[in-house]
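Work out the full structure: start from the sequences and follow the hints.
Chains Y and P are the protein sequences, given in the same order. Sequential numbering of the first sequence, starting at 1, is according to the numbering used here. Sequential numbering of the second sequence, starting at 1001, is according to the numbering used here.
FYI, nobody ran anything at the bench for these hints, they're computed from the structure. Keep in mind it's a predicted model, so treat the numbers as computed, not measured.
Straight-line C-alpha distance at most 30 Å; calculated DSBU-like pairs for lysine-lysine:
(1) P:Lys1047 x P:Lys1108
(2) P:Lys1047 x Y:Lys75
(3) Y:Lys13 x P:Lys1044
(4) P:Lys1044 x Y:Lys64
(5) Y:Lys13 x Y:Lys75
(6) P:Lys1047 x P:Lys1068
(7) Y:Lys75 x P:Lys1044
(8) P:Lys1108 x P:Lys1044
(9) Y:Lys64 x Y:Lys13
(10) P:Lys1044 x P:Lys1068
(11) Y:Lys75 x Y:Lys64
(12) Y:Lys64 x P:Lys1047
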Amino acid sequence: QVQLQESGPGLVKPSETLSLTCTVSGGSISTYYWSWIRQPPGRGLEWIGNIYYSGSTNYNPSLKSRVTISVDTSKNQFSLRLSSVTAADTAVYYCAREDIVATKFDYWGQGTLVTVSS
Amino acid sequence: QSALTQPASVSGSPGQSITISCTGTSSDVGDYNYVSWYQHHPGKAPKLMIYEVSNRPSGLSNRFSGSKSGNTASLTISGLQAEDEADYYCSSYTRSSSLNVVFGGGTKLIVL
Chain Y
1 QVQLQESGPG
11 LVKPSETLSL
21 TCTVSGGSIS
31 TYYWSWIRQP
41 PGRGLEWIGN
51 IYYSGSTNYN
61 PSLKSRVTIS
71 VDTSKNQFSL
81 RLSSVTAADT
91 AVYYCAREDI
101 VATKFDYWGQ
111 GTLVTVSS
Chain P
1001 QSALTQPASV
1011 SGSPGQSITI
1021 SCTGTSSDVG
1031 DYNYVSWYQH
1041 HPGKAPKLMI
1051 YEVSNRPSGL
1061 SNRFSGSKSG
1071 NTASLTISGL
1081 QAEDEADYYC
1091 SSYTRSSSLN
1101 VVFGGGTKLI
1111 VL
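This is how it looks when you write it as structure tokens:
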């Protein structure tokens, strides 16, 4: 059974960079696409972007200038960096495995709340 | 505002059936059979319930079913159980710009 677990700081100051890591267990990261998705308080889900194990990435156009997703196949991990954060970036951040052929997310992490505040 | 429109809440009594709608456009739901549904109990990992409009992942209860008509997809849960109370989200492939997928705003299912 594939499991994903997000980790990283729960509090980030405005203008700084949010950094999160997703550790994949129960399966190899060297297949499928791996995504980051977020949910601001009281709002719906927003796809941030994804990465293939080869390093190929796709980003949400609304966040593209601030987002970097990377992968470390030796550690079975992938990471998210979001720069110049504001209060609007406060959200629960999820990592997920994405089957891009069927456009479905078949495994998710539990999510981690990141608050942007001074 | 989410790209796909869902009702904020629906409710039903145990044993009854409910349907949650998900309305998009011809750029997503209407033109592609790549609609998925997710169940989310707060504090837990979201769970894939339906993919490609009406397919269930292996082992999932057949009480959950999906369909689509025009720009609106639907999730139906029959024989409601207390543990079905959760938030439900739809998603769809979209051909809009380089955005791969759009989500609905979520529907809270209340089991009375």
